[in-house]
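Taken in order, these protein sequences are the chains called A and B. Read in order, the letters of the first sequence are residues 10 to 175 in the numbering used here. Read in order, the letters of the second sequence are residues 10 to 175 in the numbering used here.
By construction, these hints were calculated from the structure, which means they are not laboratory data. Please note that the accuracy of each hint is not assured.
Put simply, identical chains are the same to the list, so a pair is met inside one copy or across any two.
Simulated pairs of lysine-lysine, BS3-like, Cα-Cα distance not exceeding 25 angstroms [unchecked claim]:
id	residue 1	residue 2
1	135	41
2	117	41
3	75	135
4	46	75
5	46	71
6	20	75
These numbers come from a predicted model, not from an experiment.
Protein chains: 2
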Amino acid sequence: MDAENWQERLKIAYWLVGFVDGEGTFSVSIFKNNTTKTGWQVFPEFVVTQGERSLNTLTLIKNFFKVGNIYINRRHDNHRENLYRYCVRALSELNDVIIPFFDEFSLKSDKASDFEKFKNCVRLIKSKSHLTVNGLKEIRSIAKTMNTGRIKNSLESSEAIRRVSN
Amino acid sequence: MDAENWQERLKIAYWLVGFVDGEGTFSVSIFKNNTTKTGWQVFPEFVVTQGERSLNTLTLIKNFFKVGNIYINRRHDNHRENLYRYCVRALSELNDVIIPFFDEFSLKSDKASDFEKFKNCVRLIKSKSHLTVNGLKEIRSIAKTMNTGRIKNSLESSEAIRRVSN
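All chains, full assembly: derive it from the sequences and hints.
Below, the structure is given as structure tokens:
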């Protein structure tokens, strides 16, 4: 990469941190799943949600990280625009791309602490601790302290609803 | 400013654009006010709203711009954290600091178009067009196309309520 491209990439990196400080979510969900050994499935996810009019920002993020996908979340409730979610779910992508990025470019809002907890959970999952009852308990106790206390916006709420209905 | 401080300021600038792409609002409100010549008062405002836990981000923005103020908006509704609003309202500060900044560091989300409309309104107000009926009509027609269509989050909604109740 030449110096000019590198400068451009740095600018996007700092912009991206600001945008994620505002609009990003690091979450760890735990679902009942009887096909797993513990009866539970652990689901870490990095998400940025936007309305249709700012879909370009998600494309920019996806092109920057070169991992993850953008999903549409159609809304038919009150004529508001459709939602789009940029999601990174694969453990390897979280571990090799997303976590090293936010380790290098620090979040400035209270999401920095959610990121640290997220990182701990991903580390536990990577070491397969989530397949043991104790490891699962540890992940659950970290996960329930994440994304709490913060004022929820309608994006996060709709996300929670989607999760429940899936 | 030495090179190192300049680099640091640039990093904050790019972060700030990302954060405002997510959390900022450029708005122009028009209130009835019988003490003005037209019977209306035009109120342009640049706002970034955060919960208490991310108050530090607003302080960072205030220190960066060196204009504007942070106001507390106490919440007693459902035990959620208090809101804080970083606001720039003075015409000279909008014109000399906020607008030149976002002219140089472009927003990437659909807020870029709200910013352009905001800039037009501030220009009209600066040339005192808002004191004439035609100028006021023009500002009103621009203002009503701003911040529409976008998915409102609870921060923006509570802001709207505050406006109405003021």
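Hint-by-hint comparison with the structure:
no., hint, verdict
1, 135 - 41, "within (20 angstroms within a copy, 60 angstroms between copies)"
2, 117 - 41, "neither (34 angstroms within a copy, 39 angstroms between copies)"
3, 75 - 135, "within (21 angstroms within a copy, 45 angstroms between copies)"
4, 46 - 75, "neither (33 angstroms within a copy, 57 angstroms between copies)"
5, 46 - 71, "neither (34 angstroms within a copy, 52 angstroms between copies)"
6, 20 - 75, "both (17 angstroms within a copy, 22 angstroms between copies)"
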